[in-house]
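A.B. asks: Residues per chain are reported as follows:
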Amino acid sequence: MTPVTEEILLDRIKSGKLIEDSSQATERYIEGLKRVLTVSADTELISAPAYMRATRDFSTLPSVNNYITVMGIVQDELGHAHIAYRMLRDLGVDTEELVYGRDPKQFKYPYAFDVPLESFTELVVANGFYDRAGFTLLSDIHKNSSYGPWKRALVKVDREETFHLRHGEKWMGVLSRDPEKKAEVQRAVDWMFVLTLEWFGLPDTMKRHKEQIEYGYKGSTNDELRQTWMSATVPLCEKLGFDAPAHYDKEKDEYVIDCPFPARFDAEEKRWAFEEGAISWDDVIQRWRERGPSNEEFVDHIQRGYKELYNGSSN
Amino acid sequence: MSREEGVREALKEVLDPEYPISLVDLGLIRGIEVDGSTARIKLTYTCMGCPATDMIQDDIRDRLLLMDGIAEVEIEEVWDSWSRENISDKGLVQLRNVGVV
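So the protein sequences, as listed, match chains A and B. Going by my numbering, 39 is the number at position 39 of the first sequence; the sequence numbering is gapless. In my numbering, each residue carries its 1-based index in the second sequence increased by 1000.
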């Protein structure tokens, strides 16, 4: 069989034909795809212990039904992670090693999940903001991905993410009607809104992995996806009476961020140091690399049972 | 159309919170009674630990209160057992289309 060249690959993608396996792509395409899939799989996976962590203080839950809902969401997220790792395995990746053998800092999920969600209130804002970010990214992949298996798998994933979103938006609304709870939600919005803006990554002017669009792993750029997220989230906050540091600019026909961005974040205090002004993206990347307070705890949560079961003898 | 049939038709517009299938086609509606301006619904779930009980009830209430002559909705959770046999043929096709069932 003739090996696929870059030219053949790009022609195939441009013609709208999907890539079904590694024999139809170049190594460069497959390696890039693995990188993107790993981010997606790790993000889904780590959201499970992160959302479970939020229910530790039972007194913050309105009722036991809410606990069951959260566990339903956790189960969905594990299912989504499984789908993405399964695709990686089909591409020849050792997923046992990937999930259970990596050091916590090697996981590739957004920094936001490293900051612990410590109450039901913070959890529902995460469902409203983080699941919206996940939905924004995955819908774009679902619509535009050149990789057939992923495009198809996302039909179910998107449906389930809609449910998580609705859970978040509904409970942000319910809590907004109680003055004390409303203040708690606002506090969560204050630190989580900007963390979610960061989720979409470097601005387009600084982006290194250009092949993401060229190869059709996704259809929209980081800045476009950030706009899509804001176009849903800013109106949600306005409708429920919460302040968010962004607004729609009619003349520019886009959302504009109203705070220094990117900025220094104090993860222990869950506070942005806006008074220091904007920092460089290099500083942000440095913080991402060092990971945040709950990184080790959450990865340990995932790996503990496996290590106990195999007593470290599998490796 | 009887008033109960009217309510059933309305419930065909109420979708499961996760998948694009109506509560009627999913087989969750186990009884409908209309008494004056009150609609009484017997409802079950696909499992005991259904994560969406509140949302399903909210959606039923919101839809039925839009109907002429309905001012109150009483929902009784009957916890009848549910299995995939209870999904309508149309529902099975809808679920298959999103990669479920």
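Treat the hints as calculated values from the structure; they're not laboratory data. As the structure is a computational prediction, the values presented were derived from the model and not from experiment. Take these hints with a grain of salt, some might be off.
Sample of chain A residues with no beta-carbon within 10 Å of chain B, all distances over it, derived [stated by the list, open to error]: (1) I68; (2) V155; (3) E160; (4) F163; (5) D223.
Straight-line C-alpha distance at most 25 Å; calculated PhoX-like pairs for lysine-lysine [as the list claims (entries may be wrong)]: (6) B:K1090 to A:K156; (7) A:K170 to B:K1012; (8) A:K143 to A:K210; (9) A:K156 to B:K1042.
Ideal Cβ positions, reconstructed from N, Cα and C, are used throughout, including at glycine.
A.B. asks: Each hint should be assessed against the structure and marked as holding or not.
C.D. replies: Here is how each hint holds up against the structure:
Not every beta carbon of chain B lies more than 10 Å from that of A:I68, the smallest distance being close to 5 Å; the non-interface claim is violated. Listed as a non-interface residue, A:V155 fails to keep its Cβ farther than 10 Å from every Cβ of chain B; the least gap is roughly 5 Å. Residue-level check failed: A:E160 sits 6 Å from the nearest beta carbon of chain B, not beyond 10 Å. Not every beta carbon of chain B lies more than 10 Å from that of A:F163, the smallest distance being close to 5 Å; the non-interface claim is violated.
In this structure A:D223 is separated from chain B by more than 10 Å, as the shortest Cβ-Cβ distance comes to about 31 Å. For the given pair, B:K1090 sits about 18 Å from A:K156 by alpha-carbon distance, which is consistent with the 25 Å threshold. Between the alpha carbons of A:K170 and B:K1012 the distance comes to roughly 22 Å, so the proposed pair stays at or under 25 Å and holds. The suggested pairing of A:K143 with A:K210 holds, with an alpha-carbon distance near 19 Å, which does not exceed 25 Å.
For the proposed pair A:K156 and B:K1042, the alpha carbon gap of about 29 Å is over 25 Å, so the pair is violated.
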